[in-house]
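Trainee: The lines below spell out each chain.
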Amino acid sequence: GAGVSQSPSNKVTEKGKDVELRCDPISGHTALYWYRQRLGQGLEFLIYFQGNSAPDKSGLPSDRFSAERTGESVSTLTIQRTQQEDSAVYLCASSLVGSREETQYFGPGTRLLVL
Amino acid sequence: AQSVTQLDSQVPVFEEAPVELRCNYSSSVSVYLFWYVQYPNQGLQLLLKYLSGSTLVESINGFEAEFNKSQTSFHLRKPSVHISDTAEYFCAVSGYDYKLSFGAGTTVTVRA
Numbered sequence: 001g002a003g004v005s006q007s008p009s010n011k012v013t014e015k016g017k018d019v020e021l022r023c024d025p026i027s028g029h030t031a032l033y034w035y036r037q038r039l040g041q042g043l044e045f046l047i048y049f050q051g052n053s054a055p056d057k058s059g060l061p062s063d064r065f066s067a068e069r070t071g072e073s074v075s076t077l078t079i080q081r082t083q084q085e086d087s088a089v090y091l092c093a094s095s096l097v098g099s100r101e102e103t104q105y106f107g108p109g110t111r112l113l114v115l
Numbered sequence: 001a002q003s004v005t006q007l008d009s010q011v012p013v014f015e016e017a018p019v020e021l022r023c024n025y026s027s028s029v030s031v032y033l034f035w036y037v038q039y040p041n042q043g044l045q046l047l048l049k050y051l052s053g054s055t056l057v058e059s060i061n062g063f064e065a066e067f068n069k070s071q072t073s074f075h076l077r078k079p080s081v082h083i084s085d086t087a088e089y090f091c092a093v094s095g096y097d098y099k100l101s102f103g104a105g106t107t108v109t110v111r112a
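First to last, the sequence lines map onto chains V and E.
Residue numbering for the first sequence is 1 to 115, as defined by the working numbering.
Residue numbering for the second sequence is 1 to 112, as defined by the working numbering.
This is chain E alone, in the form it adopts within the complex:
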């Protein structure tokens, strides 16, 4: 079985400032890693995922995450946030099968 810990439940940030959302996982098998985002009044949608290859993965809207196997982490970063990035972000892991294990989520609130 695998588990996911998101270390910050709330992250307030000013517009154009950088943000980092931390995610650590534990698993006895190799994993695939995902970040999902839930904008206000919308459903969960995939932001980015790591399957294999380069440990740095990017999304189309400027987020990036780096898989660090030795630290069992998959932290999400954005160098400059916008008001529209206000949302709840979930880190998720799939282990030996299709079941996703999710962290508790991090709420990012971007202020002008």
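So that you can see chain V by itself, here it is in the shape it has in the complex:
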């Protein structure tokens, strides 16, 4: 079956602009995660959605970051008033139910460059 897909694959924007990143999880996966990977660093958790529960936003670095998910499907991560330090690869992952022992399946990522 299809894996996790993300779009766009690359995004170049100017400082101060807003960007929207999209994630399409694996069909049937109720849990969806967003991570950020800065150059030379490991992935850092941003936000988690599980079914109809309130999302865990504890990893969002500032109020310029927000995310939505429509039911158990597509998610959008929005960064407002982008800054140069937002440049990173943004990875989306999904898993069946969101338990801590599950394998998370990752998309190819969106590489964001803020000029």
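I should point out that these hints are in silico values taken from the structure, not numbers from a laboratory.
Note that the structure is a prediction, hence the values are computed from the model and not measured.
We put the CB at the ideal spot given by N, CA and C, even for glycine.
Any given hint could be a false lead.
What the hints assert, rightly or not - Sample of chain V residues with no beta-carbon within 10 Å of chain E, all distances over it, derived:
id : residue
1  : G16
2  : K57
3  : T78
To be verified - Among chain V residues calculated to face chain E with C-beta under 7 Å, some are:
id : residue
4  : D18
5  : Q41
6  : G42
7  : F65
8  : G98
9  : R100
10 : G107
Please build the complex by placing chain E on the supplied structure of chain V, with the hints as guidance.
Mentor: Using the frame of chain V, we list chain E on its own:
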């Protein structure tokens, strides 16, 4: 909270030689441990994981990792690498919930 340290950022190795990638973690709760691999121009994919039971876990392509609770380590090894093993390898830990904490990654470059 938990954290992960991968001690080597770059590991060059010759084909058919052994390789070991080191991973240490810290956590105040019991953990599950994962190794993910990212091949060039591909997304992250699970290589192997430790949940419980035997402390030695194996992948289908010849990698193995051993959970050592006393040393809080989960080192990854392969006795004989191939060119196709060239990739970036990430160690990750889940603690009391679904959030994965990742190390910074180790880039393995296999040379003929």
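Trainee: Next step is simple, just say for each hint if it's right about the structure.
Mentor: Tested hints:
1. For V:G16, the requirement that its beta carbon stay farther than 10 Å from each beta carbon of chain E is met, with the minimum near 30 Å.
2. With 10 Å as the threshold on Cβ separation, the claim that V:K57 sits away from chain E holds: the shortest Cβ distance comes to roughly 12 Å.
3. Chain E leaves V:T78 outside its interface by the beta-carbon criterion, the shortest separation being 21 Å against a cut-off of 10 Å.
4. This hint is violated: V:D18 has a C-beta 25 Å from the nearest C-beta of chain E, more than the 7 Å allowed.
5. For V:Q41, the interface hint holds, the least distance from its beta-carbon to any beta-carbon of chain E being 5 Å, beneath 7 Å.
6. With a least beta-carbon distance of about 4 Å to chain E, the hint placing V:G42 at the interface is held under the 7 Å criterion.
7. Given the 7 Å rule on beta carbons, the hint for V:F65 is violated: about 16 Å separates it from the nearest Cβ of chain E.
8. Interface restraint check: V:G98 against chain E, minimum CB-CB distance 5 Å, threshold 7 Å, status holds.
9. With a cut of 7 Å, the hint placing V:R100 at the interface with chain E holds, because the nearest CB-to-CB distance is about 4 Å.
10. This hint holds: V:G107 has a C-beta 6 Å from the nearest C-beta of chain E, less than the 7 Å allowed.
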